[in-house]
Amino acid sequence: MEIAFVIEKFILVAIIFGISLVVAMYSTYAERKVAAFLQDRLGPDRAGPFGMFQPLADGLKMFMKEEIVPTNSNKWLFMVGPGLAMLTACIGTAVIPWGSGIQIGDRLVELQVTDINVGILYIFGVVSLGVYGVMIGGWASNNKYSLLSAIRAASQNISYEIAMGLSIIALLLVTGTMSLKEVVEQQHGWHWNVLYQPVGFILFMVCAFAETNRAPFDLPECETELIGGYHTEYSSMKLGFYLFAEYINMFVSSAVMAALYFGGYNYPGMDWVLAHTGTTIGPLIGTVVFFAKIFAFIFFFMWVRWTIPRFRYDQLMHLGWKVLIPIAIINVIVTGLVIAVIEKF
Amino acid sequence: MEPLTNKKKVLEQKPLTLAERMYLPAITKGLGITISHFFKKEATIRYPEQEREFSTNWRGMHSLKRDEEGRERCTACGLCALSCPAEAITMIAAERKPEEKNLYREEKYAAVYEINMLRCIFCGLCEEACPKEAIYLDGPIVPSDYLRKDFIYGKDKLVEAPLEIK
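The listed protein sequences correspond, in order, to chains A and B.
So in the working numbering, the last one in the first sequence is 354, and the numbering has no gaps at all.
So in the working numbering, the last one in the second sequence is 177, and the numbering has no gaps at all.
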């Protein structure tokens with residue numbers, strides 16, 4: 010392994026980590042602005058032009074606050090909870106293909122930290138680990154309400170993982186590969202997977218809402234029911250980590266949805282553009298298009314939050330087990346039948 | 012028992028249709044409503060750069076008026092203090108000296124006239140009770156301050172209409 014390869018990957022990891030943190034930071038700002046515009050009011054607009062420095066002010070506030078640790082809490086687990094949530098949120102960005110390879114001099118730099126051939130499975134594993142951060146936080150707080158919220162979060166997460174996995178199985182029947190890079194490469198130009206798997210996409214999106222604990226599935230952290238849910242007892246930067254981890258999760262889920270179903274860095278007319286801009290700038294345009302798709306999904310997350318009321322716990326469980334799993338299974342069967350029939354003729 | 016009015020609304024508890032159970036059509040309609048608000052004008056006012064205007068019946072800070080020759084109208088009759096439900100107005104009367112004829116309208120005037128803005132409820136009864144049309148509540152909102160004693164507005168400070176129409 011040459012030293013240039015190691016340095017290239019280091020720089021890529023640093024850039025991706027920085028970008029995901031900045032995107033999460035400005036997601037908090039965007040959330041408040043989008044929420045305000047949807048409610049006929051202006052959002053934050055005092056901290057800098059159009060309130061653009063509001064996330065910096067929030068970050069500074071988080072650092073400056075007093076750190077309160079409950080006396081009878083489990084000190085070690087109390088610290089590990091937010092750290093684990095942040096860790097599992099950030100390592101999800103490692104397998105997403107941010108663009109096709111760019112040519113710098115005589116090196117072909119891949120815009121993906123690692124292209125393992127079980128990319129989709131890796132994303133699932135990381136998402137499943139994500140629920141540990143919530144559960145540990147709820148248990149370590151030594152607070153009945155936090156524990157209730159942690160229990161709800163855990164059950165919600167495992168219920169919707171199954172439907173998500175089944176919808177991905179249908180997608181695997183179509184693509185034939187689990188590597189995210191190849192899935193994106195197959196969606197060249199106009200052949201986005203959402204045209205082949207519309208039901209699967211809707212299923213995946215509903216399950217992504219549930220996995221990121223995002224409205225209307227935000228029962229673990231709603232303020233009207235459980236005060237703060239699993240992060241009631243947290244203050245200062247630990248709370249900042251939990252809130253940040255939720256936004257990074259949203260960013261990673263949007264990226265995965267855009268990559269799997271909406272063509273990643275492909276766009277109609279990309280052949281003409283690539284032929285005219287060369288091999289260094291061309292793929293970067295694809296990356297810009299990918300980010301546009303991600304931001305559209307993040308806006309959709311926020312749009313849905315201020316439209317739909319929250320699901321009650323039993324309605325949530327009913328939806329996850331009795332509605333989505335049968336639909337997902339039927340989706341797999343129908344996809345398999347269609348592919349078998351097409352291959353016959 | 013017979014209902015007393017015929018305004019009772021009977022709620023229909025029909026089971027959900029298939030379209031309603033799918034949630035998605037209703038969600039799409041809701042999304043349409045929400046996004047229409049995104050493009051409407053916001054109702055927010057950027058205070059203090061922009062302010063909303065008051066209605067014609069607005070009762071703000073008090074001001075003691077002067078007549079056309081610039082003389083103070085108030086004669087310290089005490090009717091405003093009597094009518095005040097919050098007992099916010101106090102005054103000490105004095106006799107007009109011959110050389111002060113251009114300062115005060117009549118022989119009796121208020122040497123000390125104080126309104127405690129914390130007690131005042133801005134009802135306007137003092138304005139209605141004054142026989143000399145001396146006190147009006149047409150000022151702005153009373154500005155905030157730190158100490159209680161700074162809210163007792165005296166005559167010279169803030170309770171006067173300082174327009175010197177010569």
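Where hints are given, some of them may not hold.
FRET-style restraints, in silico, Cβ to Cβ [said to hold, decoys possible]:
no., chain 1, residue 1, chain 2, residue 2, range
1, A, GLU194, B, GLN61, 27 to 33 Å
2, A, ILE339, B, ASN17, 46 to 52 Å
3, B, LYS25, A, ILE171, 31 to 37 Å
4, B, HIS48, A, PRO207, 27 to 33 Å
5, B, ARG63, A, LEU130, 55 to 61 Å
6, B, SER47, A, GLY110, 48 to 54 Å
7, A, MET88, B, ALA97, 17 to 23 Å
8, B, HIS48, A, VAL15, 29 to 35 Å
Since the hints were derived computationally from the structure, they do not count as laboratory data.
Quick caveat, the model's predicted, so the values are computed rather than measured.
Positions of the beta carbon are idealized from the N, C-alpha and C atoms, including for glycine.
Going down the list of hints, with the structure as the test:
no.	hint	verdict
1	A:GLU194 <-> B:GLN61: 27 to 33 Å	violated (54 Å)
2	A:ILE339 <-> B:ASN17: 46 to 52 Å	holds (50 Å)
3	B:LYS25 <-> A:ILE171: 31 to 37 Å	holds (32 Å)
4	B:HIS48 <-> A:PRO207: 27 to 33 Å	holds (28 Å)
5	B:ARG63 <-> A:LEU130: 55 to 61 Å	holds (59 Å)
6	B:SER47 <-> A:GLY110: 48 to 54 Å	violated (43 Å)
7	A:MET88 <-> B:ALA97: 17 to 23 Å	violated (56 Å)
8	B:HIS48 <-> A:VAL15: 29 to 35 Å	violated (51 Å)
Of the numbered hints listed earlier, those contradicted by the structure are 1, 6, 7, 8.
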